[in-house]
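**Student:** If you read the sequences in order, they're chains A and B. Letter by letter, the first sequence follows residues 1 to 249 of my numbering. Letter by letter, the second sequence follows residues 1 to 114 of my numbering.
No lab work stands behind these hints, which were simulated from the structure alone. For every residue, glycine included, the Cβ atom is placed at its ideal position computed from N, Cα and C. One should not assume that every hint holds.
Footprint (simulated), chain A over chain B, 3 or more residues, beta carbon under 8 Å [what the hints assert, rightly or not]: (1) 17-29; (2) 38-51; (3) 93-106.
So the derived label-pair ranges between C-beta atoms look like this [what the hints assert, rightly or not]: (4) A:232 with B:106: 17 to 23 Å; (5) A:105 with B:106: 34 to 40 Å; (6) A:203 with B:102: 55 to 61 Å; (7) A:32 with B:34: 25 to 31 Å; (8) B:65 with A:1: 53 to 59 Å; (9) A:201 with B:106: 52 to 58 Å; (10) B:97 with A:7: 21 to 27 Å; (11) B:8 with A:9: 22 to 28 Å; (12) A:15 with B:106: 22 to 28 Å; (13) B:100 with A:26: 46 to 52 Å; (14) A:165 with B:34: 28 to 34 Å.
Residues of chain A clear of chain B, computed beta-carbon distances all greater than 12 Å [claimed, not checked]: (15) 94; (16) 103; (17) 107; (18) 121; (19) 148; (20) 155; (21) 172; (22) 176; (23) 182; (24) 197.
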Amino acid sequence: MTRRVRLWVLAAGLLATAALYAAACTQLPGFGGSWHPYGDRAVRAALQQRTANTVSSVNFDLRAFDTLGEESVLFASVLGTVVLLRRTRDEKRVAPEPVRVPAALRRYGRLMLPVTLLIGLYVIAHGQLSPGGGFQGGVVAATSLHLLYIAVDYPALERFRPLGLYELADGAGEAAYVLLGAAGLIAGSAYLANVLPLGTFNTLSSGGTVPLLNAAVGIEVTSAVVVLLAHFLAQALEIEGEREEDRSA
Amino acid sequence: MSLLPYLIAGWIFLAGVYGIATSRNLIHAVGCLAVTQSSTYVLLLSVGYRKGATAPVFSDAPTSATVVDPVVQALALTDVVVGATVTALLLALVVQTAKRHGTIDPDELSGLKG
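Could you build the full structure based on these sequences and the hints that come with them?
**Tutor:** Here you go:
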């Protein structure tokens, strides 16, 4: 199929989709309306479970089983990336040269690293109370480590980032979520049921299993992002293919 | 114009699909897929919006407050994280494609090899 024909087929498909979608939109409940049957029920259920952040209650209590699925997608794609970005037989590993970093950038990095790490852990720990949780806080915590790469250099990042441990933690986070679900079965209820005491509303220990599942997801997302970035950085900085050199020579 | 947010979501979706179909660079195509996916965030959040309501977090609001729909927000949240890691997986595939075939133009990758 030539490019021209392909564009015509594409145009026809896009126009038809646009027309059907616009027609469907006219049947949707109006934007900003007050009819939200699922939302109202979710809010009621979250308050009953004494979880102040309704979104966390939906993710880790009402729809905890779905989150297990989403977490497994995350785990699987990290696994896939690690396998795809491994060093192959015809590639060799070279040590990247240390680079001089401006003093101001160095100071900024040293100052911001602990602050960013603390914010990440805070966001994970307060997932049941305020906006945030394991998913968001995990990304922030993982980012903090990489300030080392920006403010110092790559060898410094490698020293403070034992990759094997993070790979282990990634699996442990996923396993912790699965096992916490089994705790529901042992307690004589359903899988991933919220069986722990619910605590006092709007305190750090409220929400039953929500803070624990949040922590499990936090561990997994932190290590997942660290592992992902480690493999991409290794591809960019360390691994050199012989073939590419042959081609350019 | 109570339809406008829904139509914007549709527009972002179509723009992303157009980008993927006409792409001449796989990295660009992965970026377009992320655009296509972000249309779902706009659609989900506009479905859940309620006029005059606040965020569905009761740590500093009375429990009687009207809030926007938390279910769609939870969906958008996991969508963002999973989308980011799937993008990483696709980019890893692009790295391998570039190594094995020396090109990342999808039109040049049509021939069989082996």
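**Student:** Against each hint, give a clear statement of whether it holds in the structure.
**Tutor:** A quick look at each hint next to the structure:
1. 17-29: Holds: 4 residues of the stretch 17-29 of chain B have a Cβ under 8 Å from chain A.
2. 38-51: holds (count 6)
3. 93-106: Result for this restraint: holds, n = 5.
4. A:232 with B:106: 17 to 23 Å: Holds - the Cβ-Cβ distance for residue 232 of chain A and residue 106 of chain B, about 21 Å, lies within 17 to 23 Å.
5. A:105 with B:106: 34 to 40 Å: Roughly 38 Å apart at Cβ, these two residues keep to the hinted range, so it holds.
6. A:203 with B:102: 55 to 61 Å: Given range 55 to 61 Å: holds, Cβ gap about 59 Å.
7. A:32 with B:34: 25 to 31 Å: holds, 27 Å
8. B:65 with A:1: 53 to 59 Å: holds, 56 Å
9. A:201 with B:106: 52 to 58 Å: holds, 54 Å
10. B:97 with A:7: 21 to 27 Å: The hinted range 21 to 27 Å holds for residue 97 of chain B and residue 7 of chain A, with Cβ atoms some 24 Å apart.
11. B:8 with A:9: 22 to 28 Å: holds, 25 Å
12. A:15 with B:106: 22 to 28 Å: holds, 23 Å
13. B:100 with A:26: 46 to 52 Å: Hint holds: Cβ distance 48 Å, inside 46 to 52 Å.
14. A:165 with B:34: 28 to 34 Å: The hint (28 to 34 Å, Cβ to Cβ) holds, given that residue 165 of chain A and residue 34 of chain B are roughly 30 Å apart.
15. 94: holds, 16 Å
16. 103: holds, 33 Å
17. 107: With a cut-off of 12 Å, residue 107 of chain A remains clear of chain B, as the shortest Cβ separation is near 30 Å.
18. 121: holds, 18 Å
19. 148: holds, 20 Å
20. 155: Holds, since 23 Å exceeds 12 Å.
21. 172: holds, 18 Å
22. 176: holds, 17 Å
23. 182: Non-interface label stands for residue 182 of chain A: nearest chain B Cβ at 22 Å, farther than 12 Å.
24. 197: The assertion about residue 197 of chain A holds, with a minimum of 19 Å to chain B.
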